Structures are given as C-alpha cells and as structure tokens.
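The hints should help you fit chain X onto chain L, whose structure is shown.
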Amino acid sequence: MSDREIIRPVREKEGTNVTFSPAVLEKIEKIKGRYPAGREKSALLPILHIAQEELGGYLSVDVMDYVASLLHIQPIEVYEVATFYTQYYLDPVGRHVIEVCRTGPCAICGGERISAYLAKKLNINPGETTSDGLFTLKEVECLGACGSAPVMQVNTQFYEFLTEEKIDQILEELRAQGNEDKPEKSKWIEKFF
Amino acid sequence: MDRKILLDKIDIPGIRSFGVFQNAGGYSAVEKALTTMSPEEVVEEVKLSGLRGRGGAGFPTGMKWSFLDRKSGKPRYLICNADESEPGTFKDRFLMEKIPHLLIEGMICSCYALGVNTGYIYVRGEYKYIIGILNEAIREAHANGFLGKDILRTGYDLELHVHSGAGAYICGEETAQIESLEGKRGNPRIKPPFPAVVGLYGCPTVVNNVETLANIGFIVNHGGGEYAGYGVGKSTGTKLISACGNINNPGVYEIEFGLSVREFLYSDKYCGGIKGGKALKAVIPGGSSVPILPAHLILQTASGEERLMTYESLADGGFVSGSMLGSGGFIVFDEEACIVRNTWNLARFYHHESCGQCSPCREGTGWMESVLHRLEHGKGRQKDIDLLVSIAGKIEGNTICPLGDAAAWPVASAIRHFRQEFEAHVEAAVCPVSQIH
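Residue numbers (the working numbering), protein chains in the order written: chain L, 1 to 193; chain X, 194 to 630.
If we strip away everything but chain L, and leave its shape as in the complex, we get (with noise of 0.2 Å):
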C-alpha cells in the first residue's frame, strides 16, 4: 500500500529450499482448480499464504518467483500483489507475530495503552523482531473485532478485550511453546484452503 510500495529484494541463503512438499503441491492444484481453466492466477493470494508459513515465515524474492512458476506468470505479478496486501511479509519475522489494532475503536478503549505496553514488555518498536527470533510486533489497522476491544492477532488466533495481565498471560504461553513447529501445521493448510 501507500507506505510499502518499495520492494526489498531480500533472497533466500543459497541452497535454501524454497519448494513445496508434494502433499502442499496437491492441495495447490486442488486450490487452483476453484477458478474456470486459464483463470488459475486467480489462486495466487490463497497461495501466497501458504508460501509464507509453509516457506520461511515471509516472502523472499526466491519464494515469489517459485510461486509465479507454478502459476505460469511473470514474477512481477507475483511482486506487485506481494507488495499491495498487508498480510504478506517481505521481511523476515519471529516465530510469533503479534499484530495489535490501532484503529479508532480499539484505540478509545484502550488499545494505545496495550500497544505500547506490548512494545514495552517486548523491548521493541512495532516493526520490530525480538533478538531471541520468537516475537515480531505489528500494528495493524482495524481487526474487525471492535466489540471486544482491545484486541490483536498472534497468527490466526484472535486475543480480545486485552489488559496489560492478560498480554503477561500470553506472552508467557506463547514463549513455553518456543521455536517449535506448531503441532497444527499440516491442518493449517486443510483447514482455510
């Protein structure tokens, strides 16, 4: 969007495996099927997420350019959707992202104090990763779930009508699950594609 346009050309270390797993590759063309013949670009956004948690947690150059390959379309097509949606990452992030509204309504019941609260107890700027690799901090706009502000999202799980005892509580759970996979991640995929 306006205030991401530049793209960073970050690329994989070489010998980096930016390829799905046969299983992933199934479900893609299962993906793509959704969409009459000749239309498959269609697929590219539903795939962008899966290149992103399947495939290092963002979206490098090399992992665009793997997605235009299997859609048989230009990598700059690939880019410039990369570059539009907020979601997609182009920067490497922590095992956790933390993505906390900072829309209007979040912020008149408080959500300003728990940003900053979260950047606190974090030790980093919105934007920022944490040195141990585990939590990246994002402010985001409006999370369409006013009605329990303050909320935020930590991958695709919803924490609303937050305070500063129950950000503790999460941080700390989030930290006891470490750096390991998430046992879910094979679901994943089934479960919103």
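None of these hints come from the bench; they were simulated from the model. Do not take every clue at face value.
[Claimed, not checked] To list a few chain X residues with every Cβ distance to chain L over 10 Å, as calculated:
hint : residue
1    : 207
2    : 291
3    : 333
4    : 414
5    : 418
6    : 575
7    : 613
8    : 624
[To be verified] Which chain X residues face chain L? A few, computed with CB under 7 Å, are given here:
hint : residue
9    : 359
10   : 530
11   : 535
12   : 539
[To be verified] In silico lysine-lysine, DSS-like type, Cα no more than 27 Å apart, as pairs:
hint : chain 1 : residue 1 : chain 2 : residue 2
13   : X       : 225       : X       : 202
14   : X       : 202       : L       : 191
15   : X       : 267       : X       : 377
16   : L       : 41        : L       : 30
17   : X       : 471       : L       : 166
18   : X       : 384       : X       : 587
19   : X       : 342       : L       : 32
20   : X       : 384       : X       : 264
21   : X       : 587       : X       : 576
22   : X       : 202       : X       : 427
23   : X       : 384       : X       : 240
24   : L       : 120       : L       : 138
25   : L       : 32        : X       : 377
26   : X       : 197       : X       : 225
27   : X       : 377       : L       : 27
28   : L       : 166       : X       : 291
29   : L       : 138       : X       : 377
30   : X       : 291       : L       : 187
31   : L       : 121       : L       : 138
32   : X       : 342       : L       : 27
33   : L       : 166       : X       : 468
34   : L       : 191       : X       : 342
35   : X       : 267       : L       : 41
36   : X       : 377       : L       : 191
37   : L       : 30        : X       : 342
38   : X       : 267       : X       : 240
39   : L       : 187       : L       : 30
40   : L       : 27        : L       : 187
On a predicted model such as this, the values are computed, not experimentally measured, just so you know. Ideal Cβ placement from N, Cα and C applies to all residues, glycine included.
Below, chain X alone, put in the same frame as chain L:
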C-alpha cells in the same frame, strides 16, 4: 421493534452444524426455490421485499440483481462480499461464525435466482478461522446434496468456494474485490461498465454483502411482502448493528428498522448506556466513514424529531446535521474521548488503505493525516482547520471509488461539529482532552 429474521435461531445449541440448522427449518428455502419457483419469481420476491444492500451503500438488492446481463451467453458469477473491514463493523464475522449455513442457504437461493453455477465467498485474510467454519459448512451442504451437481434432482448445479483476501480495506469495494479475486492488486475499476455486465473474468457478476445474502432465505420462505412488513418505510426488514466504543454492552444486535437511537443506546437489551456512567459525547452510527454526530444530533434530528435506526432518519438533515446508516458499525464516544485524536487516527487508516490509484486520495489522505497529526500533537495552526476542510472537499467526488469520500467525510464532519475542540488544540499547543499520551 424487536422481531428477528437473522438471529432468531442463534441460541440453539449446535446451530453451526448442518443437522441442527436443518432441523430448525434450515435449507427449506432452497427446497422451495428450486422445486416450486422459477429464478425470475425469486428475483421478484426480492424486489418486493425492499431489501437493500447491507454492506454500507444501501442499494436495493432486487434492482441490482435485475441489472445482471442474462443475454451475454457468458457464465455469471455471484461473489459474497465477506471482506468486512470498515472500522466499527464486525457483524458479518458474527453471522458467519455463529450461523454459517444461513449464508450458504441464502447464497444457493440467490445463485439459483441469478442463473449462477459458481459462487465465491471473498473473506478478509484476517478472518482465517471464519474460512475454516465456512469450508466446513460448504462441505456439509455438499454431503447433503445442497451443493454440487443436480441439486435436489432439479438439474441445477452449483459450486461455492471460499477465497481468502490478504489485508486490504479497499478490497471491500466491489470492483477492487473482483480484481483481487482475479489474483491482482485491489485497484478499483472505472465504472461503467458495471460488474453486472463486465465483472469477474469479464463476465456478468453480482457482488452482495454477507448480511444481504443471509436475508434471502427468509424472503424465499415467507415472501417479499412479509419481509417488507418488517421495519418502516423504505427501511424494510432488520439490520445487524455492531456496537462498540465506550458502552456497557458492546456486541452485535439485530434490530428491526424503526427502533429509536435513544433506546438502542441506553436500553440494557442493547448497548446498555455509556460505560462508567459517563456522558455521551458523539456517535459514528454507520462505520468509520460516515459523518460523526454530537450527542444532541444523534438522539434527535435538527428539527427535534426522535432519531430512528433507519436509512432515512439517520440521514435526516443531510451532512449538515445528519449521517448515514452505512454498514451498521455503531461507534460510541464518551465525554473523555478526543475527537481530534480519533479523526487523526481514522485519517491515518484511510491513508494506509488508499490503493494509490487516484491522486486526490493518494496524496490528500496523506496530507490530512499529517495535518491532523500536528494538530493533535500541539503543533497545529488555526488555518490548518480550514486547510483540512479544503483538502477533504477536493478529495470528495474526485476519485474512482468511494474510498476518497470515505476518507473525507469523517474529517469534514468532525470539524463541522467539533470545531471548537480543534481550535482548543491549537490554542493550548497540546491535546487538552488527551485519552493517552
């Protein structure tokens, strides 16, 4: 004024599942439409119902449907707009989470009426768990013969697919949504041609909001005439209102059109009054893009009439003293809220969400954000206030899509009704209201 159409079965345990939903009378509308009505008859009932689009614009649904080009020989598409992103609005999320089959049932009837064999539900990327719920509902409907080939042995085929967005408010605009569904940036298209003629993949397309489509089952079952008996005047039926901000009972409420704003705001059945017993300062009644109204104008019109929850009453007085029903996102501000800070916050939102296609919006939203930022942070000048009015006026009406208007209206209305508060920020050279610093 408390009859329900959408949420009457919401408290039945397990209503999210197909079996419970069907036992409670669900999917009877599909049976009725497909086996006893022609597609044209369904369209006629929807016209008769007076149903208007629930996404914000309030355009008559039956009329929108009647514009669909049926003679092109191309496939036709229905897109359910579940890209709910207007700040203050969370009603579609509630509906899809609690009673997803109501949407699926409404979509099947609608697709049948429109001669559509493939429909998409475009869900905002942040609502991933909703995508899981919808996928499960579609799977169940398939397994029970309500989707797929030869539905109920009528020869009618329909497939529904869920499509995930990825974080872009603009994709709630229907032509941006079509672009996005085609795998592109969400840049709105110039109209005409309208989607009803040239839409998804260049084919005739209808885009309807979740809540709009969820009403279709009732209209098929009971007739458009009975539906039109709910509500008042041209505001027929019911509306989901998502209430938030400084109130005791935030949440989603189904109201029958005609309820007074006062009752909605103060009754324990709804918002339950202002939190902490504070005084009411202002309300944005229809999602963040509609004009904000001060307490005295939200409860009564300028001519002293009781303000009602209807399209017409909320718009009474035009933009001088009225607002809009919009999406039904009802945002309440108590006496301690800072209007300047909130206006800056919303200006930042629209700047962030501008797609960048049209210069007035791309540049103007940024200018408004930065001028409001300096006003809120004590660095404003008196002439900044008129500068904001001028910028807003130059964006409004000068952009391809309504995002420009949506960005201009909150700023213009905040200054119209709370000019003194803006002036006080300049005089004090600091925010005198201050919710947090």
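Original post:
Any hints this thing doesn't respect? Which numbers, in order?
Top reply: none
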